[in-house]
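Respectively, the protein sequence lines represent chains A and B. Just so you know, the first sequence maps onto residues 10 to 249 in my numbering. Just so you know, the second sequence maps onto residues 10 to 249 in my numbering.
Be careful, since some hints might not be right.
Which copy is meant is left open, because identical chains are indistinguishable; a pair holds if it fits in one copy or across any two.
[Stated by the list, open to error] The list that follows gives simulated cross-link-like pairs (lysine-lysine, DSBU-like), each with its CA atoms no further than 35 angstroms apart:
| hint | residue 1 | residue 2 |
| --- | --- | --- |
| 1 | K213 | K175 |
| 2 | K171 | K87 |
| 3 | K171 | K77 |
| 4 | K166 | K77 |
| 5 | K175 | K87 |
| 6 | K77 | K213 |
| 7 | K213 | K171 |
Read the hints as simulated data drawn from the structure, not as lab findings.
Here is how the chains run, residue by residue.
Protein chains: 2
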Amino acid sequence: MPETACLGQSKQVGKKAQSATTAAPPRMQRVRDRNQAVLLRAAERVFARAGFAGATVADIAREAGVPKANLHYYYPEKRDLYRAVLDNILALWLGETDGLTTEAEPLAALEAYIRAKMRFSRAYPDASRVFANEILHGAPEIGAYLRRELRQLVASKATVIKVWIKDGRIAPLDPVHLFFALWAVTQTYADFDSQVAAVLGVRKVSVQQHLDATEAVVALFLRAVRPDAVRRQRSSGKPA
Amino acid sequence: MPETACLGQSKQVGKKAQSATTAAPPRMQRVRDRNQAVLLRAAERVFARAGFAGATVADIAREAGVPKANLHYYYPEKRDLYRAVLDNILALWLGETDGLTTEAEPLAALEAYIRAKMRFSRAYPDASRVFANEILHGAPEIGAYLRRELRQLVASKATVIKVWIKDGRIAPLDPVHLFFALWAVTQTYADFDSQVAAVLGVRKVSVQQHLDATEAVVALFLRAVRPDAVRRQRSSGKPA
DNA sequence: TAATTTCTTGACTATTTGGTCAGGAAACAC
DNA sequence: GTGTTTCCTGACCAAATAGTCAAGAAATTA
Numbered sequence: 010m011p012e013t014a015c016l017g018q019s020k021q022v023g024k025k026a027q028s029a030t031t032a033a034p035p036r037m038q039r040v041r042d043r044n045q046a047v048l049l050r051a052a053e054r055v056f057a058r059a060g061f062a063g064a065t066v067a068d069i070a071r072e073a074g075v076p077k078a079n080l081h082y083y084y085p086e087k088r089d090l091y092r093a094v095l096d097n098i099l100a101l102w103l104g105e106t107d108g109l110t111t112e113a114e115p116l117a118a119l120e121a122y123i124r125a126k127m128r129f130s131r132a133y134p135d136a137s138r139v140f141a142n143e144i145l146h147g148a149p150e151i152g153a154y155l156r157r158e159l160r161q162l163v164a165s166k167a168t169v170i171k172v173w174i175k176d177g178r179i180a181p182l183d184p185v186h187l188f189f190a191l192w193a194v195t196q197t198y199a200d201f202d203s204q205v206a207a208v209l210g211v212r213k214v215s216v217q218q219h220l221d222a223t224e225a226v227v228a229l230f231l232r233a234v235r236p237d238a239v240r241r242q243r244s245s246g247k248p249a
Numbered sequence: 010m011p012e013t014a015c016l017g018q019s020k021q022v023g024k025k026a027q028s029a030t031t032a033a034p035p036r037m038q039r040v041r042d043r044n045q046a047v048l049l050r051a052a053e054r055v056f057a058r059a060g061f062a063g064a065t066v067a068d069i070a071r072e073a074g075v076p077k078a079n080l081h082y083y084y085p086e087k088r089d090l091y092r093a094v095l096d097n098i099l100a101l102w103l104g105e106t107d108g109l110t111t112e113a114e115p116l117a118a119l120e121a122y123i124r125a126k127m128r129f130s131r132a133y134p135d136a137s138r139v140f141a142n143e144i145l146h147g148a149p150e151i152g153a154y155l156r157r158e159l160r161q162l163v164a165s166k167a168t169v170i171k172v173w174i175k176d177g178r179i180a181p182l183d184p185v186h187l188f189f190a191l192w193a194v195t196q197t198y199a200d201f202d203s204q205v206a207a208v209l210g211v212r213k214v215s216v217q218q219h220l221d222a223t224e225a226v227v228a229l230f231l232r233a234v235r236p237d238a239v240r241r242q243r244s245s246g247k248p249a
């Protein structure tokens with residue numbers, strides 16, 4: 010993750026670092042953190058609603074309940090705030106694939122991953138939307154991140170999946186495209202929420218409907234990924 | 010489809026309708042049509058790149074190669090142009106499901122649908138992105154369309170799929186969520202193109218890579234949808 | 001050709017918006 | 001307390017932008 014959420018004038022660090030380094034964070038620091046957190050949450054909401062260009066700093070400030078000038082004190086430019094929001098989101102993105110290891114039981118691990126992603130879509134739709142919007146417009150801000158961290162992550166997890174396939178534990182599907190599909194489907198329930206609601210004929214997708222969606226998605230992918238029943242393991246791994 | 014692409018002052022219609030109604034469209038009409046088409050294409054590109062808020066009419070006019078005031082002659086407001094672009098796109102959306110009928114061979118029909126959607130993603134990425142952007146922001150402009158036409162279309166096709174399932178010709182998956190998944194995955198190759206390229210480690214997704222993606226997506230869904238081999242048809246339909 | 005309608009466009013305007021700034025209020029250190 | 005740093009904010013500004021307008025060019029009709 011790049012340099013996260015520490016924008017705004019940071020002159021205080023110099024003095025502070027000497028007297029109260031490891032001690033409890035001085036109040037001053039806490040004011041800053043608290044305000045930045047409030048601004049980040051507000052910004053996430055507004056950016057999710059309107060995109061980068063559509064969002065105005067005045068909107069964000071209003072949503073956060075602070076004067077615009079105060080926002081600019083912490084985040085001198087709109088883009089700084091946007092970056093901070095994205096960095097925040099990207100941090101969440103990373104941990105999710107942790108369960109996908111060669112040691113894990115493939116189907117269970119994939120199911121858990123899907124459920125985690127679906128939960129995420131429900132819990133943080135704004136984060137997902139900001140992310141989607143950024144990528145939709147060519148990832149001008151996080152392109153470098155995608156080409157580095159994300160690409161490496163996928164490469165690493167693709168290796169795991171290839172091992173699973175070699176051992177006949179899951180069906181022979183292209184691992185990278187499998188990830189694209191998993192992301193696309195799980196995030197569609199956050200990003201395209203309005204479409205889902207429209208087709209389901211409701212104003213807002215209910216909790217139950219989201220649970221149904223989760224089961225449907227799990228069923229779909231598990232069917233796709235389940236090996237063809239014939240011959241199990243072939244070598245290596247933990248044999249029957 | 011709502012009232013499509015006929016904005017701008019339309020005073021000419023009154024007079025015209027009398028003299029040359031069914032005859033070849035008078036030149037005047039052709040100038041209008043040609044210019045509107047040019048503007049629509051340009052607008053689609055720019056809206057896809059920047060979203061509604063991020064796009065400026067000056068950008069669109071420049072892309073179309075006409076003065077800004079001329080654009081406003083045909084589309085008095087930015088929103089009119091946006092609506093026209095969306096209406097244009099929605100028209101394309103409709104026909105695609107034509108092959109999904111009870112009579113069709115389910116797996117072949119679904120495969121054809123997927124391939125068509127993937128081709129669409131490649132051929133009209135801008136259309137897809139404008140659409141995605143609109144939905145991402147809550148479908149303020151086409152929400153009504155989604156709740157009416159799209160919902161009805163899905164309901165109708167879901168019926169077809171339920172018949173297929175009842176006859177044991179495809180696996181018992183929720184039809185509506187199957188559609189969400191199909192759309193999500195196929196459109197991800199247009200909308201999230203930049204992410205796909207980043208993960209694949211290229212600047213631009215090549216033709217070959219898109220073909221590979223198509224095969225991967227087809228394989229994934231056909232595996233998911235294929236019935237469990239046990240007992241085929243049960244009643245009705247065209248028996249073996 | 002003359003009359004009429006459609007089209008074109010440079011120049012202009014009102015509004016919105018990102019960002020600045022100076023002066024003062026808190027918070028903190030000593 | 002006194003001094004110093006951090007924080008707050010109303011007022012302001014320059015740039016960008018959607019939309020207007022009037023005057024004229026081009027096309028079309030009679």
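Of the numbered hints stated earlier in the document, which are not met by this structure?
2, 3, 4, 5
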